[in-house]
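Student: Given next are the chains, with one letter for each unit.
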Amino acid sequence: MPIIVWQLAFFVGPVLFMVAMSFFLVKNYRMTEAFEFVNWAKMFSKGYFWSSYWHTVWIATISTLCAMCLAFPAAFALAFKASENTRRWAIFFLIIPFFTSYLVRTFSWFVILSESGVVNAILGTVGLGPYTMLNTHIGTLVGYMTLTLPLVVILQTVTMANIDRTLIEAARNLGCKPLAVIWRVILPLSKAGFIIAAVFCFILSFGDFVAPFYLGGSQEPTLPILILDTTKSGQQWPRAAVIAVVMMATLFTLAFTAIAIAYRKRSTS
Amino acid sequence: MTKNLVVFDKIHKSFGNFVAVEEMNFDIKEGEFIAIMGPSGCGKTTTLRMLAGLDAPSSGEILINDQVMNDVKPHERDTPLVWQSLALFPFLTARENVEFGLKMRGVEKAERKKRALNWLDKLGILEFQDRDISTLSGGQKQRVALARSLVMEPKMLLLDEPLSALDAHLVIRMQSVLTQLQKELGITFVYVTHSQSEAFAMADRVVIMSKGEIAQIGSPRDIYREPANQFVAEFVGRNNILSGTVESVEHNRAKLNTPSGDFFVEVKAGQLTERDSASFVISADLVHLSAGEPDSKNTVACQLISEEFVGSMVTLFLENASGHEFKVQMQERELSKLELDLAKPIWLSWSECSAHVLGC
Amino acid sequence: MKKDGLLNVVLGGYVVLVFLFIFAPIFFSIVFSFNSQRFPTIPLGEFSTEWYVKILDDPDILEAALNSLIVSFSTAILATLLGFCTAYSDFRYNFRFKGPYLALILLPPTIPLIIMALAMLAWFSKIGISGQLWSIVFAHSVLTAPFAMAIIRLRLNQMDPDLESAAWNLGGTEWATMRHVIFPFCKPAIISAMCLTAAVSFDEFAVSWFVSGLNKTIPVVILEIVQGNIDPQVNAIGTFVFLISITLVVLAQVFFIGRQHKKSSS
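Residue numbers (the numbering used here), protein chains in the order written: chain A, 1 to 269; chain B, 1001 to 1360; chain C, 2001 to 2266.
The hints are simulated quantities; they were obtained by calculation from the structure and are not laboratory data. Incorrect hints may have been included.
If you want the ones that stay clear, here's a sample from chain B, every Cβ over 12 Å from chain C, calculated [claimed, not checked]: (1) 1012; (2) 1059; (3) 1092; (4) 1149; (5) 1213; (6) 1219; (7) 1221; (8) 1224; (9) 1249; (10) 1252; (11) 1259; (12) 1274; (13) 1276; (14) 1293; (15) 1309.
Taking lysine-lysine pairs in the DSBU-like style, the calculated list, with each CA pair at most 35 Å apart, reads [as the list claims (entries may be wrong)]: (16) 1113/B with 2187/C; (17) 1211/B with 2098/C; (18) 2098/C with 1073/B; (19) 42/A with 2126/C.
Where a beta carbon is used, it is the ideal one built from N, C-alpha and C, also for glycine.
Let's have the full structure, built from the sequences with the hints guiding it.
Tutor: Right under this line is the structure:
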């Protein structure tokens, strides 16, 4: 099968080589193939690596929570209040940003959020501000939302639209109050879809370097920014590889746990 | 003596652990209309697919025209199939669908069109030739599917429950279209169905299958009047089945003890001996009814449970003292002539020669 | 009933807000691309097309645009081919290592681009094909093939599985069946897949930036302009990029959804 060869050459190959590279040595600015734990030891002993790691995990978690919460009312409305046709159009429009330049959108936020930008200009007319939003966590989060919100809204909407309506009517019929319906019927039924949405959101935020770099000012560098710095400035590719491998390990652990939880079946009582 | 077109020789087919067809031996004659019938999962569709080369037998040989077909690829065979799902190509028009097979065979364009139009015309759907498949009605699609297979001018046409998606009144119409076509063309039709009425209405011979095995092969009349075994008797329906032990046999006449009473049946010499357990059937339409006890040996007193009308026919469901259910079928007109009081016990009776002893 | 009405209005308003948030950057990027001021702010300056004139005069940008077009076009063809083969083999065959096989094709989008970028850069320099347009195409084909696979697989799901057997039954060889049945049936999905993979490839910057070397594509140029200073040229380029991407996405949707009823009557 030529496809397998292709994927091995251009997907598995690079990833495995990167893992191998994390054990290479750098001598006189030249990389030599070896099998040493020097890079791992170096990186793990650096305080900035660990602070950056936890910072990235933390901000990606916040981003995931924000996206899930912000998306829910909209997805709820699209899934249960909107007509089939409206829903299809809404999803169509939500797909568009997914395929348009994230970079340009980020730059646009940069202009909108700046101290003399659109948001502050509007706030100024009612006598507020100006607020500093760039180079803060707010900036980073706005960037993350730009990246993740459309996808999360789509996934949540599709999940909830697929719920069997008679189950909800049955719950109402059995005396369940509207809010309790959301909590006791809709959320349990959409568990798998929501967990997948959250995992995607986390992966995207965790791996994005544009938002924290341009909108967050990278005062506290996230792991992707560290990779960028180590690769682009020094010739320290092996160290960048260490960071990348750590990131992948984190994401895989998270994804597998989440999927295991999402599709867990209660087999014994 | 007509020639055998198809011979199934010890055909066995299994999918993993599931045995679809077991030890199948039968043949299909040239020019006959044969129906393969059975409940779902009995292996009838698998049998048809093996004929078309879409499934390969696990063991045994299939011969078409005395030629072993096991290794012949589907596209090298001349066995067009009319699919249950019709399987019309949705991206082609009606005429392009009909032309498809000819195109695959490399028939030249003008000739292709001529032959396709000829068949569309024969089946009365010429006006729809340029329509998209999705815009046609069920009956029209059915005809396109038929035309698509028949345009290949095959010696044998395979049909897999082709009428199952149609409305009841269209089914009757298509049945007569099919039988007429078969007579006109003189080719072999192999027709798979789960519907007894379709099989009995059209076929010269019927193959009844059960759990991958052939339960009986015969003309519709044979199968109806002389079912070979309990499965066929039950599957054909509207039969009363009584089981018991043989008390005595004399002069081709056996006496059976059953929970519903003692009955006499006609037997062939040596068919039954004393203390055999045996079953016999009486078709529901061969049972007589009377208000008083009739002067007959084979009678049962029953209470009416329910009635079912289909057109002018009525089926009575009755039960005797030991709880055995009986079915009686007759014209509604005849029933009213009898002027029975349906609330009182009713006597059922039948003549010895209408009882048919089943094989095991 | 009245309470429900209010709730609906609030929810509706909220949906509008979410859409505003999502489309605000796109909207303002287009607005500011026609704004004469060097630093884009409100109130707007005069209407001007100077940024467009500027980018059309810049040979670097034009070259990058050409590169981008070549890359996304080649990627679309390669990725769709990969996606089609995978989708078809998943539809048609059952084999022992199907799970790992599908994972191999579907996994790339779940790995952050920056990691893929680093891995591709290292691997390509190792095997000596780094720094060329083709290296971007190879990388992008792997990254976008899953999208093509998903779209084509969905289309195959709608196909009556008997259709293929019907073609064999009517004398079609495997190849003829592929050409005359499977391919025409999947055609709308194949075209959408090509549009979408082209759009993704056209906008991808992380991997392109790492492996492109001197052959920059448009997103890489944007990335480099944005680094450090504010330049409304980006808005002008961005508007072009949006136009191309949106056209591709809309085309994809039209082909995927809209082709169901083409000739409704004779």
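Student: Compare the structure with each hint and give your call.
Tutor: Now the hints, each set against the structure:
1. 1012: holds (22 Å)
2. 1059: Holds, since 22 Å exceeds 12 Å.
3. 1092: violated (8 Å)
4. 1149: The claim is violated: residue 1149/B sits with its nearest Cβ about 8 Å from chain C, within 12 Å.
5. 1213: Since the minimum Cβ distance to chain C is about 25 Å, residue 1213/B lies beyond 12 Å and the statement holds.
6. 1219: Consistent with the label, residue 1219/B stays out of reach of chain C, its closest Cβ about 29 Å off (over 12 Å).
7. 1221: Its Cβ never comes within 12 Å of chain C, the nearest being 33 Å, so this holds.
8. 1224: holds (33 Å)
9. 1249: holds (54 Å)
10. 1252: For residue 1252/B, whose nearest Cβ neighbour in chain C is about 51 Å away, the distance exceeds 12 Å, so it holds.
11. 1259: holds (49 Å)
12. 1274: holds (55 Å)
13. 1276: Holds, since 48 Å exceeds 12 Å.
14. 1293: Correct as stated: the minimum Cβ-Cβ distance to chain C is 59 Å, above 12 Å.
15. 1309: Consistent with the label, residue 1309/B stays out of reach of chain C, its closest Cβ about 39 Å off (over 12 Å).
16. 1113/B with 2187/C: holds (25 Å)
17. 1211/B with 2098/C: Distance of about 32 Å is within 35 Å: holds.
18. 2098/C with 1073/B: holds (26 Å)
19. 42/A with 2126/C: Distance ~24 Å between residue 42/A and residue 2126/C Cα, so the pair holds.
Hint violations for this structure: numbers 3 and 4, all remaining hints satisfied.
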